Each structure stands twice: as structure tokens, then as C-alpha cells.
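*Asks:* Which chain is which? The protein sequence lines are A and B, in order. Quick note on numbering: my numbering labels position 354 of the first sequence as 354, and the sequence is numbered without any gaps. Quick note on numbering: my numbering labels position 276 of the second sequence as 276, and the sequence is numbered without any gaps.
Because the hints were derived from the structure by calculation, they are not lab data. Please read these numbers as outputs of a predicted model, since none were measured by experiment. There could be a bad hint or two in this list.
[Stated by the list, open to error] Taking lysine to aspartate or glutamate pairs in the DMTMM-like style, the calculated list, with each CA pair at most 20 angstroms apart, reads:
no., chain 1, residue 1, chain 2, residue 2
1, A, K262, B, D226
2, B, K186, A, E217
3, B, K183, A, E384
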Amino acid sequence: MYQVEASKALLKPKLWARRSARLNVPRNVVMLGMVSMLTDVSSEMVATILPLYLVFSLGASPLALGAIDGTYRGAAALVQVASGFAADRWRKPKEVAGAGYGISAVGKVALVAAGNTIGGIGAIVAFDRIGKGIRTAPRDALISLSSSKAGLATAFGVHRAMDSAGAMLGPLIAFGILLAAPARFDAVFVVSTLFAILGVAVLILTVQGKPKRAPREGNAPSLRAAAGLVKDRRFALLLVAATVLSLTSVSDAMLYVGLQRKIDFAPAVFPLLYVITAVAFMGLAIPVGQLADRVGRVPVLLAGYALLFIVYGALLMSSLGYGLLVLCLLGLGGYFAATEGVLAAIAGALLPEDLQASGLGMLTTVVSIGNLLSSLVFGALWLELGLRNAVLVFGAGLALAIVAAVPLLLRSQRAPVHG
Amino acid sequence: MGSRNGKILVALAVLCVLGAGAYIAYAALGPSETITDARPEAKAVLSDSNVMVRAVDPEDPRLNGRVYVVHDGHVERHSGGQLACERVYFAAGRGICMGVAESGVDYVATIFDAKMHPVHTIRLSGFPSRARVSTDGRYGAMTVFVTGDSYLGTSAAFSTRTYIVDMATGEPLDQLERFHVSKDGKPFDAPDFNFWGVTFAKDSNRFYATLGTGDHHYLVEGSVRDRSMRVLRDGVECPSLSPDGTRIAFKSRIGEQTRWRLRVLSLATLQDHGLAEKRSIDDQVEWLDDENLVYSDGQNVYAVPANGGGEPQQILKNATSPVSLHVR
Numbered sequence: 001m002y003q004v005e006a007s008k009a010l011l012k013p014k015l016w017a018r019r020s021a022r023l024n025v026p027r028n029v030v031m032l033g034m035v036s037m038l039t040d041v042s043s044e045m046v047a048t049i050l051p052l053y054l055v056f057s058l059g060a061s062p063l064a065l066g067a068i069d070g071t072y073r074g075a076a077a078l079v080q081v082a083s084g085f086a087a088d089r090w091r092k093p094k095e096v097a098g099a100g101y102g103i104s105a106v107g108k109v110a111l112v113a114a115g116n117t118i119g120g121i122g123a124i125v126a127f128d129r130i131g132k133g134i135r136t137a138p139r140d141a142l143i144s145l146s147s148s149k150a151g152l153a154t155a156f157g158v159h160r161a162m163d164s165a166g167a168m169l170g171p172l173i174a175f176g177i178l179l180a181a182p183a184r185f186d187a188v189f190v191v192s193t194l195f196a197i198l199g200v201a202v203l204i205l206t207v208q209g210k211p212k213r214a215p216r217e218g219n220a221p222s223l224r225a226a227a228g229l230v231k232d233r234r235f236a237l238l239l240v241a242a243t244v245l246s247l248t249s250v251s252d253a254m255l256y257v258g259l260q261r262k263i264d265f266a267p268a269v270f271p272l273l274y275v276i277t278a279v280a281f282m283g284l285a286i287p288v289g290q291l292a293d294r295v296g297r298v299p300v301l302l303a304g305y306a307l308l309f310i311v312y313g314a315l316l317m318s319s320l321g322y323g324l325l326v327l328c329l330l331g332l333g334g335y336f337a338a339t340e341g342v343l344a345a346i347a348g349a350l351l352p353e354d355l356q357a358s359g360l361g362m363l364t365t366v367v368s369i370g371n372l373l374s375s376l377v378f379g380a381l382w383l384e385l386g387l388r389n390a391v392l393v394f395g396a397g398l399a400l401a402i403v404a405a406v407p408l409l410l411r412s413q414r415a416p417v418h419g
Numbered sequence: 001m002g003s004r005n006g007k008i009l010v011a012l013a014v015l016c017v018l019g020a021g022a023y024i025a026y027a028a029l030g031p032s033e034t035i036t037d038a039r040p041e042a043k044a045v046l047s048d049s050n051v052m053v054r055a056v057d058p059e060d061p062r063l064n065g066r067v068y069v070v071h072d073g074h075v076e077r078h079s080g081g082q083l084a085c086e087r088v089y090f091a092a093g094r095g096i097c098m099g100v101a102e103s104g105v106d107y108v109a110t111i112f113d114a115k116m117h118p119v120h121t122i123r124l125s126g127f128p129s130r131a132r133v134s135t136d137g138r139y140g141a142m143t144v145f146v147t148g149d150s151y152l153g154t155s156a157a158f159s160t161r162t163y164i165v166d167m168a169t170g171e172p173l174d175q176l177e178r179f180h181v182s183k184d185g186k187p188f189d190a191p192d193f194n195f196w197g198v199t200f201a202k203d204s205n206r207f208y209a210t211l212g213t214g215d216h217h218y219l220v221e222g223s224v225r226d227r228s229m230r231v232l233r234d235g236v237e238c239p240s241l242s243p244d245g246t247r248i249a250f251k252s253r254i255g256e257q258t259r260w261r262l263r264v265l266s267l268a269t270l271q272d273h274g275l276a277e278k279r280s281i282d283d284q285v286e287w288l289d290d291e292n293l294v295y296s297d298g299q300n301v302y303a304v305p306a307n308g309g310g311e312p313q314q315i316l317k318n319a320t321s322p323v324s325l326h327v328r
């Protein structure tokens, strides 16, 4: 197994190297985490300042951006399934993921060169979304194929922690640049481009395209084989469990709106809600992943949803102090840490090696469509019955979903009858 | 990894860091580009009226933002270099200028006095949209756009927040999102509630605003004292109450998402009529007096009769955010 010490050149802090060695995380996973971190820094730098840029350099309304962004979000979800299959079919997860990262990087270069029209910026935002859709499934497949089955949740935890670190660093770097050079958006675009290029370079130069669990022999899987995954009993059980759970999980954006009604008025607090949750997610992703590998992924996943259930409870209180609010947000971060990567780890462990990307793509798509639907239904219930009743309905639904998921998930973990 | 690849990567990383550092240094040491130097041009003389506007440049948005008072066709600069605004409003000796902080990375509202000197600053949580001050200068109302954070890959839908501020102290008092709303006598609430475009009545307690939820844009009537609002009717955005308090000028969505027509409704009947302006206008209209409206198309300021007759007349070139100073 590749150890992280092999890449001392990149990971200067010794502490991190030692920690990772103890974690026994494959070097490939750390490198993929690095790629995601650099790419997220690049994307979030631009996303943060785009509204400002639209107005100050183009004199446009930030409304224009809202419309642009919504349009391509749906497209990216569908690309995910296709790119997952393509990665399996061609046996080239690294190359397909690389195309996704590359498309986003090209978008950044285009921003520097031609980011002075609304249409141009719209195209670049679309590029970024599509690039993200393309790279997600093959990248997760690479993480899975690089790890031993026993260490999958830890591996995904390391990747998610690095990924969210990038999402937090991006805005800070962008603001830092604008503080040093007011209104020089071009400097932000140039630095963002350099981060994107570096991300692609780390992928090309350090990530193994054929990691140890990668299939080496036999025929490339057909579309039929990929579609047949839903008939694979264990994976089908997992898909059903994930669908049921995601249909009763309200998106964090919706929860923030609810929580905001329960706290004292302070205009500066709202943006902090995201930050606290993100920090908690980042900090908990690795330890929770290790825990999942040690005590079992299914219990940890279910405990994550139980945390969400408790956060629902907070929405039933008439008002929340700041202490309880912070606890809620930490709980929400814990929920993400216990579900995001752990679910991928469960899937990675039971999917056949030659259909990892297809299966992971399907799972992510099912979960994101489930979350979207649940947020729509929750919003409609809130309107018709009020927040309290909507929470009661979803609380009951989530409790039932957790109970229903227990046998589904446990049965999905049993060794297959054949093969 | 071959150590060759490692070396290439380290070299590339060093190059990137050096390149980024050099570019930032070049940008930081270069001439500052935060200049606001546009000046409006009077195209028609409106007798007996003073209008405050925000200047825009047709070519370079970086020059936007200075505040001018136009007095009988004479453009008088008032704000010096101190205020650079995206939106401005003024009444009873107190004004709001919503703009960008000096750092260039944060949004702030500056409350200024009759001499246009800054008195208070309030940090805003999003991009400036609408501003109003009650006739007696007691309350201010500010709407900002908040774009969802994309942390964790989830993104809150595009939304607005509207703050009520105490103009004397510069303290935010509350947020319309926290007010109690009723519709047809029953409590009304949904997660996608957004409020924008406040207009105050003469007593400064009562106000009107837009409540957006789903595909609806409700006109609401509210009370600052009671922290409550009730829905009056649908299809009204950015209301603006006439000085005599009987009518509301507003923008009405047509077909596509971001096209509007200006209309005027009578509060007694809740019936409305169109205006001579036939272009799509995205603005919170201002009443010049009880018979005439002023508004901007984002580039110039126009006046049009409120009764639906006449023709739109361009009164100022290169200006937005008109405030009538006469009727106040």
C-alpha cells in the first residue's frame, strides 16, 4: 500500500504525515483530496465574488446570476450517471475525472480571458457545474478502488474533510486578495485559475489511474451490466434505503431558514450558520469515518440520521438560545460527517470493482433527487400546515425511514449468495 | 509516483505561488480602480422640484455611485467623494446610502445627514437592492439580496432580506422575515418567504411591501410597532405610496421572470391601471408629487404622469435611484 510518507514533497507538515500514516490512508486518496481541495478553493474563490464582480465591472444585477445558476444545476445531476458509466466502460476513471476537473479549469482561464459579458459568465458557471457533474462519480470510484475495503469510510472521510477545507479557504483567499488590491477582480480570477491548474496537475502527476482494487482483466462492462446494478439485490437494498432516508431529510438550507426563525435577531448571524456547520463537518469527517470502519458503517450512518432527527426537534422549540443553536449546527455537521462519505463507503464496499463509478453515480443522483423532492414537499407542508406541523410530519417520516432502513441496510451487508 | 513527477509538481507549485504572489503585488501596487466620478446630465427642467440621484456612467460601472441633487435643472454635487452608493434614499434630513465597504469586499449602508456627511454605518448581509426612509426620518428600510452559500454543495435559493433600522441611532431594529404575517385573517408562513421594497405611510409606523412566495408577489400592509403584516392582494412588487396616501405605484411582472410593467393601484378599491411607460422597468418608483412619478431604467431617470396619460419624459441622463426632495 502506498503510504503518505512517499509524498513528503507535497505534504510539508510532518504532523499531518504522521497522522495520515497512523490513519493508514492510501496516498492516492490523500492526493485526490488535494485535487478536490485545490479545485474547491478555485471554484469558491470565484463563486464568492461573482455577485460583486457582476455589479462593479458589468453593472448587472445579481439576479442574473441566480437565473444562470439554477438552469444548469439539473443538467449536472444527469451528467453524473453518464460519466460514471463512461469511466467504468472505458476503464478510465482518472481520465474521466480529469476531464471534469479540466473543464472547470478551462472555465477559469476563460474567465480571465473573456469574463466581461453576462453570457460569457453564464457559460463559465455552466462549465463549472458540468465539470463537477462529470468528475464526482469517477473520483469517488477512484477513492473506493484505492482503499482497502476495511478502510473505506476513513478514506472517504479524509477526502470529504479536505474537500470542505477547500470550500472554506476559497472565500477567505478571495477576500484577502480584494483587501490587498481593492476591486482588482482580475487578480482573484488569475489566482483562481492557478489553483485550478495546480489541481489538475496534482491529479495527472500523482494520482494512480489503476489503483490496487481496479479491475484489470475481463471485458469492459456493458450498459446492460450497469443498468443491471439495480437488480443486484444488495445494491438495490442500499438504493432503496438511501432513497427512503433522503426523501425524509430536509436540506440544510431549509433548516437554516427554520432555525433563523427561532433565534434572536442579529443580521450578522445568518452567514455564520453555514460556517459553523462546515467547520463541524470538516473536523468530524475523519474521526467519524474511522469510527464507521471500526464499529460498522451502517450503525454510524443511522446515527447520523438520528442526529438529523434531533435537529428537527430543535425546530419544535419556541425559541433557541445561542448555546442550543451552536449545538444544533454541530449536530448538523455531525450528520453530514456520518452520512456523506459513509454512504459512499457502504456502496463502495458492495459494488463490483468494474462498476464502481456507475453505482456511485446512481447512488449520488438518487440521493440528490430525493433531497430535492423532500425540500419541495417540506416547503409545501410548511406553507399549508405551518412550520411546526411540517417538522412533525417529517420527524415522524424520518423516524419511520430510519426504522425501515435498518433491515434493508443490514440485509445489504450480508455476503452475496453467489460470487 | 515517480520522483520525476514529484519534482515537476513541486516546480509547478512553486511557479504558481510565485505567479500568484507577483500578480497580487502588481494589482495591489497598481493604481486603485475604486473611482466614482460619473455625473448626471439634466435633460429637462422640472420646476419646483429637487431630485436626489445616484450617478452612473454608461461605459464604466466603476465610476458609478456618487450622489447628486438636481435643483431646477442644475446638477449639484453633494456627496463629495465620501459616498459611493448602489441605492440612495433621503427624507427629513436623514439619508441611506447602500453600497460597498471601503475594503471593497463587504456591503454597508451609510446613514448620512442633510449635509451628506456619514453619521452611522451598518454592515449588510447581502447586495444592496432597495432603500426607503419614512417621511419623518424615523425609520429606514433596506432590502438586500442574499445569494446562497455553496458550502456542502447545497445552496439556498436566491433570497432577499429586509431590515428596519432606527435612523437616529443607526441600529437595525428588526427584519421583516421575522414579522407575523396573516392572509384572509389566518396566519400565513412558508420557508420561501422573501420581502422587499418597503414604502412607509406618513405616520411612519404603517408600511407596505412585497411578499414573494412561490409564484406569488403579494402586496402586504404592515405595522412596525406590532411587528405584523397582512396580505392585501397578489401581483404587486416594489410598492411606492403616493404622498396623499391613496395610491400605490408598483411594478407588475409580465410573462417571463424578469420583465415588469409599471402600474398604479388605488388603495380604496385595490384596482389598478397602466402607465404611458411601455418598457420593462425594474425599479421602486418614486412619487415626484401627487400626479407624477419618477423612476430609472438603470441608466437614465424618467418622469411619467400617474393617471396613465401623457408620455414618459427623460429628465436626467446617467442617473438612477431618484428621490423626490420636494414633497417630503
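*Asks:* Against each hint, give a clear statement of whether it holds in the structure.
*Replies:* For each hint, the structure was consulted:
1. A C-alpha spacing of about 18 angstroms is found between K262 of chain A and D226 of chain B, which places the hinted pair at or below 20 angstroms, so the restraint holds.
2. Restraint check for K186 of chain B and E217 of chain A: not satisfied, since their Cα atoms lie roughly 67 angstroms apart, outside the 20 angstroms limit.
3. With a CA separation close to 12 angstroms, the supplied pair K183 of chain B and E384 of chain A stays within the 20 angstroms bound.
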